[in-house]
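Colleague: Residues per chain, in single letters:
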Amino acid sequence: EAQVTQNPRYLITVTGKKLTVTCSQNMNHEYMSWYRQDPGLGLRQIYYSMNVEVTDKGDVPEGYKVSRKEKRNFPLILESPSPNQTSLYFCASKRTGIYGYTFGSGTRLTVV
Amino acid sequence: ELKVEQNPLFLSMQEGKNYTIYCNYSTTSDRLYWYRQDPGKSLESLFVLLSNGAVKQEGRLMASLDTKARLSTLHITAAVHDLSATYFCAVDIRGFGNEKLTFGTGTRLTIIP
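These protein sequence lines are chains B and L, in that order. Counting along the first sequence from 1, when you hit position 96 you're at 96 in the working numbering, and nothing is skipped either side. If you want the working numbering, it's the 1-based position in the second sequence plus 1000.
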């Protein structure tokens, strides 16, 4: 089944403790992206990647890192999480060009 | 900067009624998407509209796109409870590079039996 898999689904952590949210897609998509969803703000892009080893900032990149060492994986790294990063996170992927996006099932992160 | 506005933000309607959700965007784009999200769930793709005048229908939902007016509509016909969800429109800007989706803030639809 074609899908974007995120892990974990739920995570509660403490301020300052490094964490990684994994994202993997099995569709050989070139493009991958991370979004965060907050009430009243909709979804905002954090980082994106056009292909392996090509990443760039989205609209709200502060406090996040990403890497794209393999085409299928695009982890989101929070080096020192803070409470304002409490959010619902989605990974998405697509083929380059006029194609639709496939979203992962989301990761609900709480930083206390 | 591309802005995407949806209205209404909240919509409560009775079963069997018709209603329309509006999505306005500020910059030229010919790719508009509609998504559905159930509480705590991921985004489910409903429609992709790629050209001016595009109209797509699936069951009780119909979406249209007017690129000249920079307006898309999602029309609900004879609403049923199962359509209760939050609906998002999203636009990506023509061209290469970051194929970022810019989302509207969503319309929370509640269908009352």
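Hints are supplied without guarantee of correctness; some may be wrong.
Straight-line alpha carbon distances no greater than 16 angstroms define the calculated EDC-like cross-link-like pairs of lysine to aspartate or glutamate that follow [said to hold, decoys possible]: (1) Lys1017/L <-> Asp1082/L; (2) Lys1100/L <-> Glu1001/L; (3) Lys1100/L <-> Asp59/B; (4) Lys1056/L <-> Asp1066/L; (5) Lys1100/L <-> Glu30/B; (6) Lys18/B <-> Asp56/B; (7) Lys69/B <-> Glu53/B; (8) Lys1100/L <-> Glu79/B; (9) Lys1041/L <-> Asp59/B; (10) Lys69/B <-> Asp38/B; (11) Lys1003/L <-> Glu79/B; (12) Lys1003/L <-> Asp1092/L; (13) Lys71/B <-> Asp38/B; (14) Lys69/B <-> Asp59/B; (15) Lys71/B <-> Asp59/B.
Anything over 10 angstroms on all C-beta distances counts as not near chain B; from chain L, calculated [stated by the list, open to error]: (16) Gln1014; (17) Glu1015; (18) Thr1028; (19) Ser1042; (20) Val1048; (21) Lys1056; (22) Gly1059; (23) Leu1061; (24) Ala1069; (25) Glu1099; (26) Leu1101; (27) Thr1105.
These aren't lab readings, by the way, just hints derived from the structure by calculation. A quick note: this is a predicted structure, and the numbers were derived from the prediction, not measured. Beta carbons are placed, not taken as given, at the ideal position from N, Cα and C, and that holds for glycine.
Colleague: Does each hint fit the structure? Answer for all of them.
Modeller: Status of the hints after comparison with the structure:
Annotation: proposed proximity of Lys1017/L to Asp1082/L holds, straight-line Cα distance about 14 angstroms (limit 16 angstroms). Distance hint between Lys1100/L and Glu1001/L is fulfilled; the C-alpha atoms sit about 12 angstroms from each other, no more than 16 angstroms. Our distance criterion of 16 angstroms between C-alpha atoms is met by Lys1100/L and Asp59/B, whose separation comes to about 10 angstroms. For a cut-off of 16 angstroms, the pair hint linking Lys1056/L to Asp1066/L stands: about 13 angstroms separates their Cα positions.
Taking the CA atoms of Lys1100/L and Glu30/B, the gap is about 13 angstroms. The hint holds against a cut of 16 angstroms. Distance restraint check for Lys18/B and Asp56/B: the Cα-Cα separation of roughly 21 angstroms exceeds the 16 angstroms cut-off, and the hinted pair is therefore not satisfied. For the proposed pair Lys69/B and Glu53/B, the alpha carbon gap of about 6 angstroms is at most 16 angstroms, so the pair holds. Using a Cα cut-off of 16 angstroms, the hinted pair Lys1100/L and Glu79/B is violated, with the two alpha carbons roughly 24 angstroms apart.
Restraint check: the Cα-Cα separation between Lys1041/L and Asp59/B comes to about 23 angstroms, which exceeds 16 angstroms; the hinted pair is violated. The suggested pairing of Lys69/B with Asp38/B is violated, with an alpha-carbon distance near 29 angstroms, which exceeds 16 angstroms. For a cut-off of 16 angstroms, the pair hint linking Lys1003/L to Glu79/B is broken: about 31 angstroms separates their Cα positions. Restraint check: the Cα-Cα separation between Lys1003/L and Asp1092/L comes to about 11 angstroms, which is no more than 16 angstroms; the hinted pair holds.
A distance of roughly 28 angstroms separates the Cα atoms of Lys71/B and Asp38/B; the hinted pair therefore is violated under the 16 angstroms criterion. Taking the CA atoms of Lys69/B and Asp59/B, the gap is about 22 angstroms. The hint is violated against a cut of 16 angstroms. As the CA atoms of Lys71/B and Asp59/B are separated by approximately 23 angstroms, the hinted pair breaks the 16 angstroms bound. For Gln1014/L, the condition that its CB be more than 10 angstroms from all CB atoms of chain B holds, with the nearest at approximately 26 angstroms.
Listed as outside the interface, Glu1015/L is consistent with that label: its C-beta sits roughly 27 angstroms from the nearest C-beta of chain B, beyond the 10 angstroms cut-off. Even its closest Cβ contact with chain B, about 15 angstroms, leaves Thr1028/L beyond 10 angstroms, as expected for a residue assigned away from the interface. The non-interface label for Ser1042/L is inconsistent with chain B: the shortest C-beta to C-beta separation is roughly 5 angstroms, within 10 angstroms. For Val1048/L, the non-interface assignment is contradicted: its Cβ lies about 5 angstroms from the closest Cβ of chain B, within the 10 angstroms cut-off.
Once the 10 angstroms rule is applied to beta carbons, Lys1056/L is consistent with being away from chain B; the minimum gap is 12 angstroms. Non-interface status of Gly1059/L relative to chain B is upheld: no Cβ of that chain comes within 10 angstroms, the nearest being about 18 angstroms off. At roughly 16 angstroms from the closest C-beta of chain B, the C-beta of Leu1061/L stays outside 10 angstroms, upholding its exclusion from the interface. Its beta-carbon lying about 21 angstroms from the closest one in chain B, Ala1069/L satisfies the requirement of being farther than 10 angstroms from that chain.
With a least beta-carbon separation of about 6 angstroms from chain B, Glu1099/L fails to lie farther than 10 angstroms from that chain, contradicting its non-interface assignment. In this structure Leu1101/L is not separated from chain B by more than 10 angstroms, as the shortest Cβ-Cβ distance comes to only about 7 angstroms. The non-interface label for Thr1105/L is inconsistent with chain B: the shortest C-beta to C-beta separation is roughly 4 angstroms, within 10 angstroms.
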